[in-house]
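**Q** Listed here are the chains, written in short residue letters.
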Amino acid sequence: MSDLKETLKEQIIEQLNLEDLTPADIQNEISLFGDEGLGLDSIDALEFIVLLEQHYGIKIEDPSEGKEIFQSVDSLAAYIEKNR
Amino acid sequence: MRILGACKVSKEGVIVNNESKTELLASSDDWKKELYSSLKIDYPKFHKMDALAKMAFLSFQYLEQVIETDRFQDDEIAMLFANTYSSYDTDQKYLESYTVKGSPSPSLFVYTLPNILTGELSIFKKWYGENIFFIHENFDPEFFIDQINFYLSKGAKACLCGWVDAANENEECLLFMVDNTTGEITKDELLNYYKQ
Amino acid sequence: MKIHVTGYGLISSIGYGADDSIQSLRNEKTGIERGRLAHSKKYNVGAIHLSNSELKKRYNLSTDGSRTALLGMVAAKQAFEGHALLDDVRTGLISGTSVGGMDISEAEYKKYLDQDGHNPDNYKHHSSGVGSEQIAQELGISEFINTISTACSSATNAIMMGARMIRNGSLDRVIVGGTDGLTAFTIAGFKSLMIFDDEWCKPFDESRKGLNLGEGAGYIVLESDKSISITKKEPLAVLSGWSNASDAFHQTASSPDGHGAQLSMEEALNVAGLSARDIDYINAHGTATPNNDLSESQAIKGIFGDNIPPFSSTKSYTGHTLAASGGIEAVFAILAIRNGYLYPNLNFNKAIEETGLIPQQSFEENRTVKHVLSNSFGFGGNNSTIILSAV
Numbered sequence: 001m002s003d004l005k006e007t008l009k010e011q012i013i014e015q016l017n018l019e020d021l022t023p024a025d026i027q028n029e030i031s032l033f034g035d036e037g038l039g040l041d042s043i044d045a046l047e048f049i050v051l052l053e054q055h056y057g058i059k060i061e062d063p064s065e066g067k068e069i070f071q072s073v074d075s076l077a078a079y080i081e082k083n084r
Numbered sequence: 001m002r003i004l005g006a007c008k009v010s011k012e013g014v015i016v017n018n019e020s021k022t023e024l025l026a027s028s029d030d031w032k033k034e035l036y037s038s039l040k041i042d043y044p045k046f047h048k049m050d051a052l053a054k055m056a057f058l059s060f061q062y063l064e065q066v067i068e069t070d071r072f073q074d075d076e077i078a079m080l081f082a083n084t085y086s087s088y089d090t091d092q093k094y095l096e097s098y099t100v101k102g103s104p105s106p107s108l109f110v111y112t113l114p115n116i117l118t119g120e121l122s123i124f125k126k127w128y129g130e131n132i133f134f135i136h137e138n139f140d141p142e143f144f145i146d147q148i149n150f151y152l153s154k155g156a157k158a159c160l161c162g163w164v165d166a167a168n169e170n171e172e173c174l175l176f177m178v179d180n181t182t183g184e185i186t187k188d189e190l191l192n193y194y195k196q
Numbered sequence: 001m002k003i004h005v006t007g008y009g010l011i012s013s014i015g016y017g018a019d020d021s022i023q024s025l026r027n028e029k030t031g032i033e034r035g036r037l038a039h040s041k042k043y044n045v046g047a048i049h050l051s052n053s054e055l056k057k058r059y060n061l062s063t064d065g066s067r068t069a070l071l072g073m074v075a076a077k078q079a080f081e082g083h084a085l086l087d088d089v090r091t092g093l094i095s096g097t098s099v100g101g102m103d104i105s106e107a108e109y110k111k112y113l114d115q116d117g118h119n120p121d122n123y124k125h126h127s128s129g130v131g132s133e134q135i136a137q138e139l140g141i142s143e144f145i146n147t148i149s150t151a152c153s154s155a156t157n158a159i160m161m162g163a164r165m166i167r168n169g170s171l172d173r174v175i176v177g178g179t180d181g182l183t184a185f186t187i188a189g190f191k192s193l194m195i196f197d198d199e200w201c202k203p204f205d206e207s208r209k210g211l212n213l214g215e216g217a218g219y220i221v222l223e224s225d226k227s228i229s230i231t232k233k234e235p236l237a238v239l240s241g242w243s244n245a246s247d248a249f250h251q252t253a254s255s256p257d258g259h260g261a262q263l264s265m266e267e268a269l270n271v272a273g274l275s276a277r278d279i280d281y282i283n284a285h286g287t288a289t290p291n292n293d294l295s296e297s298q299a300i301k302g303i304f305g306d307n308i309p310p311f312s313s314t315k316s317y318t319g320h321t322l323a324a325s326g327g328i329e330a331v332f333a334i335l336a337i338r339n340g341y342l343y344p345n346l347n348f349n350k351a352i353e354e355t356g357l358i359p360q361q362s363f364e365e366n367r368t369v370k371h372v373l374s375n376s377f378g379f380g381g382n383n384s385t386i387i388l389s390a391v
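Protein chains in written order, with the numbering used here: chain A, 1 to 84; chain B, 1 to 196; chain C, 1 to 391.
If we strip away everything but chain A, and leave its shape as in the complex, we get:
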């Protein structure tokens, strides 16, 4: 699980073009969206959908489902563990 989280952080940086950041800048539990944490938005949520599909073969059809899944690296990793 912790390996998965590290991999996810690298993939998030790659997928969202956050070239300024390193995996160490992203904590497992911080909120990825909103003005705190990483400050991501609805466009970035689409990037997560692409990321899940490309790297983990998980398809999300309804973008509103993403809200809870993409909340943090923790929640993202838990969702992947459950669904892959």
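Don't take each hint at face value.
To be verified - Restricting the straight-line Cα-Cα distance to at most 27 Å, the calculated cross-link-like pairs of lysine-lysine (DSSO-like) are:
no., chain 1, residue 1, chain 2, residue 2
1, C, Lys-191, A, Lys-59
2, C, Lys-57, C, Lys-2
3, A, Lys-59, B, Lys-93
4, B, Lys-45, C, Lys-191
5, B, Lys-125, C, Lys-301
As the list claims (entries may be wrong) - Derived, one-sided and incomplete: chain B residues facing chain A with beta-carbon distance under 10 Å:
no., residue
6, Arg-2
7, Gly-5
8, Lys-40
9, Lys-54
10, Tyr-85
11, Lys-93
12, Leu-108
13, Val-110
What the hints assert, rightly or not - If you want the footprint, here are the derived chain B segments under chain C, 3+ residues with CB under 8 Å:
no., segment
14, 115-122
15, 126-137
No lab work stands behind these hints: they were computed from the structure. Glycine is no exception: its CB is placed at the ideal position from the N, C-alpha and C atoms.
The hints should help you fit chains B and C onto chain A, whose structure is shown.
**A** Coordinates of chains B and C only, in the frame set by chain A:
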């Protein structure tokens, strides 16, 4: 009109009102990130921005250290920007996202217009004034002076101007702000800020 | 000085002109159905069932062009019918489009990939401006031609620019509006943003999922006092207000409180010298995306308070025709004023929880409709409003 302040950022460093502020290594590819860290501000959206928006954002932070922009109402500041290469730098990255990496990236796509940087500044400051972005062959001080005059005559109290370009490994950004106080700006004055 | 409207024309999936469009609106007959072409067959779209060559033949078009340009020619010619080019009436065309000649480029690119008769010359239709030049050529207009591409507010911004040019004396008469053909590019683009409804879109409904795309074109003719003293055309309506305001929120999404939309409606009322209670009908932007309809509802509440006039989204009929929508909806507004119509908002069932607004749900006529406010909001918080008024 009168120039309230000018700031040039590039990987050679930061110059505010003709005064050099910071020395950065010319070889540093991360110069924008370094400047951001040195400013000690917390605005996570910065990391998502493209090079144009990042440079304008940084330069604006230094300008705000010498200009009190909040004395203007949220719709009193017009924004006037221009460059040569439009969003070419991001266009290239977007192209790569689907030709090389296999999937068109929505978060890159939103930056494939140069005037997104005026949007980023508007979002940061919650400004609702006029804004425009021109594509020009070169920095043209006369054009800026004419346009500023136009905005000030149409009711804007101040004008935030910028020349922000990123292409072919060359990144440069000059921001300057003028208000409607009596006075004149000369072509040479602007050229000096640009060439410094 | 008044900005007189002396002509209108439109084509969309619910009608090839004003009469059959009204018939569809009256009979609550939507133009949205399962697509019939390769790129649209998985989706519900508001498509016009005439191919490019059928359009050319049926409407006797002498200029070649992309689907966007051809649809534009049909609607602009309709709007300009009965008008003549005159030496002392400076006449322009300002046309909005988001997709330009993409349909031709897509076909040509496929030929390139298949190595089947690829002709790079055909990419000349690609640029948005070329389509406007072709429409102008078909009408014989050369004095002033301009193209506006601000996504879904393009046509409304074209109308606004035309009004301002007439007001400051740069033109005497101008054909303004917008056009967009349905292409694989737009369908794929909106699909990737995940704002499609797989069924029929439900503007202002709590369970709305997203939009249906459509295609079409809509133009109106604006004239100055001086111009109508020469052309002797009968004013059909007056363009009384216009505005464009930014949201300062996000590159694509609208702010949840609809601040930019509110600024835009407020300023259009100012320009028209009207107050909110003068408005008899709102033709909403109403795309049926969760984001737009909430934001627009909040903005409408902000402007109109508890006295909200009848409002509806005719995109439940035409689909979202993008850069054409402001032009098509301007024509609907003029028809509403001239005939006292109110148009129903199809597929509405339950009000949005946060705002509780209930749109107009039946077709009505013989109402007093003096002032119609029409909204068009583009990506990037590019919010525009026009107000059309009775003569």
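**Q** For every hint, state whether the structure bears it out.
**A** Status of the hints after comparison with the structure:
Taking the CA atoms of Lys-191/C and Lys-59/A, the gap is near 14 Å; set against the 27 Å cutoff, the hint holds. In summary, the hint linking Lys-57/C to Lys-2/C is not supported, as the alpha carbons are separated by about 38 Å, beyond the 27 Å threshold. A C-alpha spacing of about 26 Å is found between Lys-59/A and Lys-93/B, which places the hinted pair at or below 27 Å, so the restraint holds. With a C-alpha separation of about 25 Å, the suggested pair Lys-45/B and Lys-191/C falls inside the 27 Å cut-off, and the hint holds.
Taking the CA atoms of Lys-125/B and Lys-301/C, the gap is near 25 Å; set against the 27 Å cutoff, the hint holds. At its closest, the beta carbon of Arg-2/B sits 35 Å from a beta carbon of chain A; the interface hint therefore is violated under the 10 Å criterion. For Gly-5/B, the interface hint is violated, since its Cβ never comes within 10 Å of a Cβ in chain A; the closest pair sits about 27 Å apart. The beta carbon of Lys-40/B comes no nearer than 15 Å to any beta carbon in chain A, farther than 10 Å, and the hint placing it at the interface is violated.
This hint holds: Lys-54/B has a C-beta 9 Å from the nearest C-beta of chain A, less than the 10 Å allowed. Given hint, Tyr-85/B at the interface with chain A, is violated; its Cβ is 19 Å from that chain's nearest Cβ, farther than 10 Å. Annotation: interface hint on Lys-93/B holds; nearest CB of chain A at approximately 7 Å, less than 10 Å. At its closest, the beta carbon of Leu-108/B sits 6 Å from a beta carbon of chain A; the interface hint therefore holds under the 10 Å criterion.
Taken as an interface hint, Val-110/B checks out: its beta carbon lies about 6 Å from the nearest beta carbon of chain A, inside 10 Å. Beta-carbon proximity to chain C at under 8 Å applies to 3 residues in the segment 115-122 of chain B; the threshold of 3 is reached and the given coverage holds. Given as covered by chain C, the segment 126-137 of chain B passes the check, having 4 residues with a CB less than 8 Å from a CB of that chain where 3 are the minimum.
Hints 2, 6, 7, 8 and 10 from the earlier list are contradicted by this structure; the remaining hints agree with it.
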